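Numbering (the working numbering), first residue to last: 1 to 358.
Where hints are given, some of them may not hold.
[Said to hold, decoys possible] Simulated crosslink set (DSBU-like; lysine-lysine; CA at most 35 Å straight-line):
1. K306 / K170
2. K306 / K141
3. K155 / K312
4. K176 / K157
5. K170 / K153
6. K336 / K153
7. K337 / K312
8. K323 / K336
9. K343 / K314
10. K157 / K277
11. K277 / K323
12. K273 / K323
In case anyone wonders, no lab produced these hints; they're calculated from the structure.
Computed from a predicted structure; not experimentally measured.
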Amino acid sequence: MSELSVKITKKLYRLRAVFFYAPIKAAWIFLPAVSILIAPALLFSQKSEGTVHLMFAGDVTLANHFEQNVGYDFSYPFQFLNWFGQADITMVNLENPLTRRGKPVEKPFTFRAMPEYVHLLQAGGIDIVTLANNHIYDFGKEGLYDTIRILDKGKIKHVGAGINLAAARKPVIFVKKGIRLAYLAYYGLGRHSDSHPATEDSAGTALRCLNYIADDIARVRDSVDVIIINFHWGIEKQNYPGADQLAFAHAVIDAGADFIIGHHPHVLQGIEKYKGKLIAYSLGNFIFGGNSRRYEYSAVLEIVLKTQDINKYKIRIHPIEIKNWQPVLASPPVRKKVLEDLKTYSSVFRATFKLIAK
């Protein structure tokens, strides 16, 4: 590429791949995310040794309709989203066991995906998954054990479920460019009949208990720079979290968490700023084969930390369209719709962003 082309490309990036900057003590400014025309090559053009990029997407279920339509094409989901796995750490909510064993538990919907789909996760550049959800135990302990074994073999980290309570609550710690980051995950919808919470001597998920979470945060707070908490919570198809969720999230931030990422409603919810920390209550679906819908829209959240000052960070919202269980960057009209929706959903919080659409 010529020097002139580089200059033009960088100028286009500044004009169209704008972001909002979130210093802890400043107002949040939110601008449209990158255009589909230039995003794949340029999303990380400003990535440097001085920044750590964290990527978060929503619910991933590689079962049922997804498996029936995609089969063994492991590259299919990320064919037009190759930038997704270029972050320093990329995370999703894996909402099915990877197994051919076990018997389905008694519940209305059960999911499982072929073990080979670990290669699909690898192809997407996914570094870590949360297993703290209401479907990871759909095929009993055999399904959970297989999932853990397969993820370990595939070198994909996992949090939020394990062979016992201690394993389910164990953090995953990454070190990126001198920054130490701890990931934790918990499940709790207000009912626990379908969650199979782990106990001291039995497998399951880490229950969303404030005492557990506060203890887990305290255990790592002095040894890491950033703590990221994942919650599987809320009510399906609702775009606003409940008052109990707000109170719980605030208590977890007060206990020492830096970022909270939510899943389960299958739709987007607002993003709150509380004491300078970020709470994304729901990131919606990402690749959800549990339903037959061939089209929906959602968003990917990117957090960019400065290695010299982790109290300042950039946040990018990447609106996406999901067509036949394949995410792509959203077209301009859909991108505008996603940003308008997020502005509406975030307006209920005491502190949020000043949204500027251009």
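Item to check | Restraint check for K155 with K312, where alpha carbons must lie at most 35 Å apart | outcome: The hint holds at about 31 Å.
Checklist entry - Is K337 close enough to K312, meaning Cα to Cα at most 35 Å? => result Holds, at about 28 Å.
Checklist entry - Quick one, are K336 and K153 close enough, alpha carbons at most 35 Å? => result violated, 41 Å
Checklist entry - Keeping to a limit of 35 Å between CA atoms, is the pair of K323 and K336 held or broken? => result holds, 18 Å
Item to check | Pair hint outcome, K176 versus K157 [Cα-Cα no greater than 35 Å] | outcome: With Cα atoms ~15 Å apart, K176 and K157 stay inside 35 Å; holds.
Item to check | Restraint status (C-alpha distance of K277 to K323 at most 35 Å) | outcome: Holds. K277 to K323 sits at ~33 Å (cutoff 35 Å).
Checklist entry - Quick one, are K273 and K323 close enough, alpha carbons at most 35 Å? => result holds, 31 Å
Item to check | Pair hint outcome, K306 versus K141 [Cα-Cα no greater than 35 Å] | outcome: The hint is violated at about 41 Å.
Checklist entry - For the pair supplied as a hint, K343 and K314, is the alpha-carbon distance within the 35 Å limit? => result holds, 18 Å
Checklist entry - For the pair supplied as a hint, K157 and K277, is the alpha-carbon distance within the 35 Å limit? => result Cα-Cα ~24 Å, so holds.
Checklist entry - Straight-line Cα separation of K306 and K170 no greater than 35 Å? => result This hinted pair holds, its Cα atoms lying about 26 Å apart.
Checklist entry - Between K170 and K153, does the CA-CA distance stay at or below 35 Å? => result Distance ~18 Å between K170 and K153 Cα, so the pair holds.
In the structure shown, a violation is registered for the earlier hints numbered 2 and 6, in ascending order.
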